[in-house]
Amino acid sequence: MPVPIRNILTLARREYLWRARSRTFVITTAILTVVAVGVALAPVLFRYIDVGGPTKIGLAVGDTKPSLDVASTLETMLNATASTGSDTNAQDGGFEILPVTDVAAARRDVTDGRLAGVVVLSRAANGDLAFTGYTKALAFERAPQLVRQAANAIAIQDRLARAGIAPADQARLFAPASFTLEQPDPSVKTNGPSSPESLVNNYSVGFAATIFIFMAIMLYGQWVAMSVAEEKNSRVMELILGAATPFQLLTGKVIGVGAAAFTQYAVMFVPATLAIVFQDRIAGLLLGGSATSNLPAGLTVELLIAFGILFVLGFALYAVLYAGAASLVSRQEDINQIVAPLTLLSTAGYLVAAYAGSGLIDPSSTLVFVLSFVPLTSPYLMLSRLGTGLAGPIDFAIAVALLLLAIPLALWAAARLYRAGVLMYGQKPSIGTLVRTLRTA
Amino acid sequence: MPLVIDSLTKHFGSVAALDGVSFAVGDGQVFGFLGPNGAGKTTTMRILLNILHADSGTATWRGIPSTKLPAETWGYLPEERGLYPRMEVLDQLVHFAALHGVQRRRAAALAREWLERFGIADFAKRRAEELSKGNQQKVQFVAAILHDPAVLLMDEPFAGLDPINVALLKTAFLEMRDRGKTLVFSTHQMEMVEELCEAIAIVDRGRIVVSGPTREVKRSTGRRVVRLGVAGDAGIPWLADLDGVRVTRPGEDYTELDVGADRDPESVLHAALARGEHITRFEIADPSIEQVFIERVGRRPRTEERLAPSPVAVPV
Chain A
20 MPVPIRNILT LARREYLWRA RSRTFVITTA ILTVVAVGVA LAPVLFRYID VGGPTKIGLA
80 VGDTKPSLDV ASTLETMLNA TASTGSDTNA QDGGFEILPV TDVAAARRDV TDGRLAGVVV
140 LSRAANGDLA FTGYTKALAF ERAPQLVRQA ANAIAIQDRL ARAGIAPADQ ARLFAPASFT
200 LEQPDPSVKT NGPSSPESLV NNYSVGFAAT IFIFMAIMLY GQWVAMSVAE EKNSRVMELI
260 LGAATPFQLL TGKVIGVGAA AFTQYAVMFV PATLAIVFQD RIAGLLLGGS ATSNLPAGLT
320 VELLIAFGIL FVLGFALYAV LYAGAASLVS RQEDINQIVA PLTLLSTAGY LVAAYAGSGL
380 IDPSSTLVFV LSFVPLTSPY LMLSRLGTGL AGPIDFAIAV ALLLLAIPLA LWAAARLYRA
440 GVLMYGQKPS IGTLVRTLRT A
Chain B
4 MPLVIDSLTK HFGSVAALDG VSFAVGDGQV FGFLGPNGAG KTTTMRILLN ILHADSGTAT
64 WRGIPSTKLP AETWGYLPEE RGLYPRMEVL DQLVHFAALH GVQRRRAAAL AREWLERFGI
124 ADFAKRRAEE LSKGNQQKVQ FVAAILHDPA VLLMDEPFAG LDPINVALLK TAFLEMRDRG
184 KTLVFSTHQM EMVEELCEAI AIVDRGRIVV SGPTREVKRS TGRRVVRLGV AGDAGIPWLA
244 DLDGVRVTRP GEDYTELDVG ADRDPESVLH AALARGEHIT RFEIADPSIE QVFIERVGRR
304 PRTEERLAPS PVAVPV
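If you read the sequences in order, they're chains A and B.
Start counting the first sequence at 20; every next residue gets the next number (our numbering).
Start counting the second sequence at 4; every next residue gets the next number (our numbering).
One chain only, chain A, in its complex shape (with noise of 0.2 Å):
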């Protein structure tokens, strides 16, 4: 094995080992694994404790003799709000209807919990339905807000037979106006599917795909530079640049904590993952009966592959940048102050990528094309313009070229801090000693 390549995996290897066997990263990966895990299995949890299947709701019909079926009318309507409302995250079991007769027993089932509500019909002087609801819950809550709307309905279609008027006619007097929301900008093309609910889907995936590499980018990023200033603090780097050079040590040291951040991110996604994928069997072995799946429409095998790529050349930039800022401090107090610039940066990068995915910048606009080519920037936005079927293949790899220039550029920068940096002790960490340094190197 060449001698360069033999330092650098041995660097790497210790690294790793020293990372991955510490226990503060056993103990943080198994709370990262169960979080995520959690995230991921949050909406059939929630179901399942918070609700534990559908809302239960008594209805005493009483001698109103109404002039339709009050109870599947009601059931139908209430469900179909739910599920088609203005909320979209509506996790409960739906709504079931039983019929009651003994209102004064419903009314303890209600208190006792047994019933979540218990609706009574009476008619008014006036012959109109009148409802009165039994329930813990608030006025201001969904579900009576729900019941209440159902119950205006019913009341017209009450009426509207009494006064004749046939269902059927009811019926397509009440069907539902077509709506569908589109892009303002007739310039802006969607390659993918552009209903509204598949392009907040596509965003999203985008979007969180940025936030975990930003995420790796600021925690793994930091264990580099913290490497690398507890190395120059301990004076152990002397000793290593006796045996390797500058360069091999800060590749040997980002792929070291690289694969320690992808083993952490592999064993958190790996279930995490797994457990979005068979969310709908987990729910039907959770909560009894199909559920729909709930796997984001705009996760494709496409844009995960894109996502490793961008996520594996995003981190190595920022990693040797980060190692060779680092270098230059010599106490982990003053790693912070010296590497502020590229996490603002990185930070810059994702908020542009997060505006761009909720719309506060627009997506198409000339800043985001060009920062989505840009090396420090491109991992969060070329993911966001590709998410959203913004940029095709082309822009990909052309960002990705750029990104595999600015690595080895990077790299040779860093290398020349490094050596520069390493050997200066007790130094402030300024610009003036970054100019000076890079001058002496």
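Simulated from the structure, these hints should not be mistaken for lab results.
All C-beta atoms in this analysis are idealised placements derived from N, C-alpha and C, irrespective of residue type, glycine included.
A portion of the hints provided could be inaccurate.
Have a look at the derived ranges for each label pair, beta carbon to beta carbon [to be verified]:
(1) A:L363 / B:T70: 32 to 42 Å
(2) B:R120 / A:T47: 51 to 61 Å
(3) B:G16 / A:E321: 27 to 37 Å
(4) A:W431 / B:G183: 58 to 68 Å
(5) A:W431 / B:S10: 45 to 55 Å
(6) B:Q192 / A:M234: 49 to 59 Å
(7) B:A264 / A:W431: 47 to 57 Å
(8) B:K136 / A:S377: 54 to 64 Å
(9) A:A416 / B:K136: 53 to 63 Å
(10) A:L370 / B:S25: 34 to 44 Å
(11) A:L363 / B:P88: 27 to 37 Å
(12) B:A162 / A:V54: 48 to 58 Å
(13) B:D30 / A:T47: 49 to 59 Å
(14) A:T47 / B:R115: 56 to 66 Å
Put chain B on the given structure of chain A with help from the hints.
Showing chain B alone in chain A's frame:
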């Protein structure tokens, strides 16, 4: 001479750390590299190790420039000792050896042998930070030699060691020499130089002030040391009247004199006999390395600005 350092210069900004440093070290020699703090010793070693690049000049080992030599050539004990504080001793020894291309299993076996020799085998599985400073230093020495380098570069290897550990390390040094290794070390302990070094170089403010075999360096000043003892306890007051003679150590048993190059040391004996003194002791010797050192570098005023920025302030 297999190790040749030729006209090395190195500037840090406007500060000249090395200003034409040249010296040569023979095969299998124990070589003392001396000089006051900030004279350029560490910078020279770092250039040999390729940690720093010289502005000009070359350093070669068996004709190959240091920039092209494999890192395995050198065994390095830095002045600022450095180990991973929280890593197990054996683990890091194996790591450093592996960096120099030694197989892990073999490195572990060798490391255990050396730890055993230095009486710290029980610490193999301890974190470095749990060891005393002296023991850390012994670990550091082991780290420098596990890959069997041809040349050992040791920056202040004896600093901070107790006499027992100094003796252990000295034995290890001599064993390395007997194995045919070339040893270059810096120290401020001149008695160590007298004891170990066949040749030395004294560097001051980035320049070599003298170098060569230890005996020649001692004689290079032209001065000799004379120890004269006479009967009676009144001292030898007339010595002060002799030209070119300086009393460096008055004493009960004998008086030590520094005799200048322009004066024959034996003339002191003649003068004593001429004054009718009863001689109890008369000895002509070379000046000690310490005296040479002080003479060569001690008398000039020092300016801090000219000191190289090699490790100065230790961060807290």
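Against the structure, the hints:
1. Here the CB-CB span from L363 of chain A to T70 of chain B is close to 38 Å, well matched to the stated 32 to 42 Å.
2. Between R120 of chain B and T47 of chain A the beta carbon distance is about 41 Å. The supplied range of 51 to 61 Å is therefore violated.
3. Between G16 of chain B and E321 of chain A, the C-beta spacing of about 53 Å breaks the proposed range 27 to 37 Å.
4. Hint check: W431 of chain A to G183 of chain B, Cβ distance near 39 Å, so the stated range 58 to 68 Å is violated.
5. Distance hint check: the CB atoms of W431 of chain A and S10 of chain B are about 29 Å apart, inconsistent with the given range 45 to 55 Å.
6. The hint said 49 to 59 Å for the Cβ distance between Q192 of chain B and M234 of chain A, and at roughly 54 Å that hint holds.
7. In this structure, A264 of chain B and W431 of chain A meet the distance hint of 47 to 57 Å, their C-beta atoms being roughly 56 Å apart.
8. Distance hint check for K136 of chain B and S377 of chain A: the Cβ-Cβ separation is about 58 Å, which falls inside the suggested range of 54 to 64 Å.
9. Distance hint check for A416 of chain A and K136 of chain B: the Cβ-Cβ separation is about 56 Å, which falls inside the suggested range of 53 to 63 Å.
10. Restraint check, L370 of chain A to S25 of chain B: a C-beta distance of roughly 58 Å breaks the suggested window 34 to 44 Å.
11. About 31 Å separates the C-beta atoms of L363 of chain A and P88 of chain B, a value consistent with the hinted range of 27 to 37 Å.
12. The hint said 48 to 58 Å for the Cβ distance between A162 of chain B and V54 of chain A, and at roughly 50 Å that hint holds.
13. About 54 Å separates the C-beta atoms of D30 of chain B and T47 of chain A, a value consistent with the hinted range of 49 to 59 Å.
14. Taking the beta carbon of each, T47 of chain A and R115 of chain B are about 34 Å apart, not inside 56 to 66 Å as hinted.
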